[in-house]
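Use these hints to put chain B onto chain A, whose structure you have.
One-letter residues, chain by chain:
There are 2 protein chains.
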Amino acid sequence: MSTYRAPLADMHFVMNELAGLEQVAQLPGFEEAAPDVVAAILEEAAKFATEVLDPLNRPGDVEGARRLDDGGVRTPAGFKQAYEQFCANGWNGLAKTPEFGGQGLPHLVSTAVEEMWHSSNLAFDLCPLLTQGAIEAIDLVGSPEQKQLYLPKLISGEWTGTMNLTEPQAGSDLAAVRTRAVRQPDGSYRLAGTKIFITYGEHDYTANIVHLVLARTPDAPEGVRGISLFIVPKFIVGADGSPGERNDVQCTSIENKLGIHASPTCVMTYGEKGGATGYLVGEENRGLEYMFIMMNAARFSVGLEGVGMGERAYQRSVAYARERVQGRAVGLDRASKAGAIIDHPDVRRMLMTIRAHVEGTRVVAYVTAAALDNARRHPDPAARRSHQAFADLMIPIVKGHSTEVAQEVVSLGLQVHGGMGYIEETGAAQYLRDARITTIYEGTTGIQANDLVGRKTVRDGGAAARAVIGEIEKTAAHLTGSADASLHPVGAALSEAAVALEDAVAWVLKSSASHARAVHAGAAHYLRMWGLAASGWQLGRAALAASRKLAADEGDAAFMRAKIGTARFFAATLLPQVAALGRTLMHGGETALEVPAEQL
Amino acid sequence: MSTYRAPLADMHFVMNELAGLEQVAQLPGFEEAAPDVVAAILEEAAKFATEVLDPLNRPGDVEGARRLDDGGVRTPAGFKQAYEQFCANGWNGLAKTPEFGGQGLPHLVSTAVEEMWHSSNLAFDLCPLLTQGAIEAIDLVGSPEQKQLYLPKLISGEWTGTMNLTEPQAGSDLAAVRTRAVRQPDGSYRLAGTKIFITYGEHDYTANIVHLVLARTPDAPEGVRGISLFIVPKFIVGADGSPGERNDVQCTSIENKLGIHASPTCVMTYGEKGGATGYLVGEENRGLEYMFIMMNAARFSVGLEGVGMGERAYQRSVAYARERVQGRAVGLDRASKAGAIIDHPDVRRMLMTIRAHVEGTRVVAYVTAAALDNARRHPDPAARRSHQAFADLMIPIVKGHSTEVAQEVVSLGLQVHGGMGYIEETGAAQYLRDARITTIYEGTTGIQANDLVGRKTVRDGGAAARAVIGEIEKTAAHLTGSADASLHPVGAALSEAAVALEDAVAWVLKSSASHARAVHAGAAHYLRMWGLAASGWQLGRAALAASRKLAADEGDAAFMRAKIGTARFFAATLLPQVAALGRTLMHGGETALEVPAEQL
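From first to last, the protein sequence lines are chains A and B. Under my numbering, the first residue of the first sequence is numbered 8, with each subsequent residue one higher. Under my numbering, the first residue of the second sequence is numbered 8, with each subsequent residue one higher.
Bound conformation, chain A alone:
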């Protein structure tokens, strides 16, 4: 049996050496994030992940969430208790505003903690994650009364939250939302409609559930400019904050999914008995705008799920490869007996591929989290803007790329197990099933790729993209100019990737108007170029830091050498794809559209 161990050494290295925890902790309001406090928090989170969440992961998958005849949902054994403990330990409010009971820690710190939840039990973790979305919505645009009524209980975890966007005919296309909301004389609204794919839309954890619902008022304009956001609590909350009358919202079925079985994915029906009572959040017709502001955080979280699932797959496959004795490895002593498969070169390649992707996407995510902290709290407005521009560019990369490589990583993790990987009891298959959702929800990879092309590259004329490429080039120059010759090939590969990326940006800018369809047919390649280059860049920075530490005789030398080795592997194995993808981007788009639809 493999047991999850939080990769604390790597997390600390990334936070301190690469994401600038020290600087983040000096931002106004983050003074409590001192190194010893952060270390203690991570230790405790690691314990909770290992001792409480990880052991529930497989049983939760087997038992799954069940809808009961009365419309309620029963979560698997142990999940409710784990949730109560999670809240009692204060994990739910880690990065939330202290004004309503949160601990106000930097996003960078909560990122490391959340990675542990993603690794140890994704299906459990989705409930706090969705609550987080509801908290943000209310915090952002709720009235003072709404904040007072809902935030303390959502932040403590006494209630949970959901996000209701999708409808059967409106998946990614929110313009097609049809749920109706009619204003009542008392200022509340009556909602009616059906929402699908609602994560933890119903469950047995808490006394109330606060649904955030996108709907359309009768006189609203067509399309996305006519969508409003509403709070629809399961039990209508009295002025004193206590849940009262049952609202007209029901979980009418739950989905039978490929994975994340313990997380109920609900069809929610509003207004079957006359109309669900809802309360407008912010102003009418601005719902989509609010969603977009929150979307960054949600997309970041899902990208981090990719990192967390990858880490878990890595640990599991390394553990198996150490134990499993099979055959004599090529090129080792011929006289030796059969050895552990970790010594087989092809197994080593698989493990290193997993490791390099996971470590690379981890640094990209943590550095982005630090940028989000700076964008919110930096005293200098110009610095806030430039951090925000960086984070805006990186969000589709964190979401799109980390989840796409997670598919490869969990599949490789299963492959390392050979036939045993195909058996559910082994546990590797669950990660394949669970991770498969991450490239879909919170905007598919295609949507991330279009966002990276349209809003993040073309809209500012490539300014943010070129600023990052400039940084990548600087890192490449440091690597090639390093006294440590083992870093030179990393610098060379990174420099080549940066050139390919520059060409790609120029081509996208030049072609986006004249050849819009070809550009968008290549957008996924453009996203992958960015993802690989960003990971290679951050692993290059990691190698530079490790090399400095080695030269100064600081830290764990074996850890530092492994960092350099991982960067070298990434540069030799994964970075060459960037230039090849650049050619595909520039020449492949038109060919993707050549065969007419009716001939497919």
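Be aware that one or more of the hints could be misleading.
One copy or two, either will do: identical chains are not told apart, so a pair holds if it fits within one copy or between any two.
Distance condition first, Cα-Cα at most 25 Å in a straight line; then the derived DMTMM-like pairs of lysine to aspartate or glutamate [stated by the list, open to error]:
#1 Lys54 x Glu605
#2 Lys556 x Glu605
#3 Lys517 x Asp350
#4 Lys481 x Glu39
#5 Lys556 x Glu597
The hints are simulated quantities; they were obtained by calculation from the structure and are not laboratory data. Bear in mind that the values here come from a model prediction, so they are computed numbers and not experimental data.
Below, chain B alone, put in the same frame as chain A:
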């Protein structure tokens, strides 16, 4: 609901224009494979796949095979009847020797038919597939009596066969097989031991099951040179051919797998009650040698599973993309309403990627099947040898590459469905789960890659590899020299891939002794280079044939233009990876081994 339709137009095009069916039908013994006969067979097979097998695929997945308390196994509803109809229609003996009731058709023809079984119901199809292995073993090295006793009933399908290789401590490493076989005075053997992962080791289809079992005699040498092959029937067969006494072999459990739920994967226990009666096949200690001869066919079949699963995923995702209305596609008329997602450029990229991989791997497989027919039946021994050398080189590519790209293809197919893809009822998720076994059984991708490096490239000093590269270069020259300018970029990309492949072969030959571990750490990249180049080559040949047809005003012009479009897409999008992988192969291997195992 998506319904499987056999891609008959493409199958005929590939068989006739690219795999040389006409020439194969002139080989001695294949005279019956006239074009009209072949067309009629394919029509009938397509009907059976669509009307009988495809409708059982999803119910079979949901119900799964169940082990009963008495040790029997119940297959899902409808499977036994489908099996009986399958045998009654003569599908079981399609390419088997007429001497014992088979129809003796070329492998090329049975390949097209088998692809349909793989597409429509992989879990069903595994039973005939394993029976085929048993038939080959007995046909190859069985005594005349054994042939007479077993072959007619295995070929008719009255009995089924299994292959028992794997043991808990011996997965890919058959040297570690421990099952014991002790010779008895009557010439039979008593077997005792445990075999795992035995496909259809027990079921309710037939009155008898013929197990082919690898075991070790008491005085056998250590390792792979001490393994013998035995027939162990479930019911001991009397001289008159009727099943008699129940043998001492039991299905002691079945596995709970990620996919292929309808196919029982059994733990088989031999000799718990004193010893199972077995009969030596061929000579003692030559079991592994026999296995290796059969392995080509089994590996080819699993590679073809990758093609078949990919085709089914393609059809399903195209059908969904045509129906699903969502958003306005980029670059189309701004005034238009939301349209089907098939018009979204990123969806088109996904569909084209699936299509290009499926069509490419299909041609490679069919051309290899024709080579196997020629290797067996060509009157000229030199021609037989050169066809065999080609097939030997291609087998690990068909197995390794078709199944690896199948993982990407079924995952893309799911992605096209968005959130619906994650719901089991949609059906796309089953293909992801079912296909995941194909890179594992009959030798993992790592084993195929090592085979391609060691036995298929290094052993003959690169002769077979260079001969194929020469052919690829000729095709590239035809493309670049074609009067049809749309083929020129295909030729250029193919030529570049050929050069990269040539360098890779030279590097493998040079380094395999001095840097064995680095070469094997890059073997998977070498395999992928070959897979992509072979697909690109065959699609290039397809484009040439289509262009000729268009010029001569023959055939369906839209089909021919789509062929050219698919080749152009493959050349622009997938072939550039070959050169990038070449760099990875030559520089990445050492770095995969740099981080020491204890640091992983």
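Here's how the hints hold up against the structure:
1. Lys54 x Glu605: Between copies only: 23 Å across, 56 Å inside.
2. Lys556 x Glu605: This pair counts as between: shortest inter-copy Cα distance 21 Å, intra-copy 60 Å.
3. Lys517 x Asp350: between (49 Å within a copy, 23 Å between copies)
4. Lys481 x Glu39: neither (33 Å within a copy, 69 Å between copies)
5. Lys556 x Glu597: between (48 Å within a copy, 24 Å between copies)
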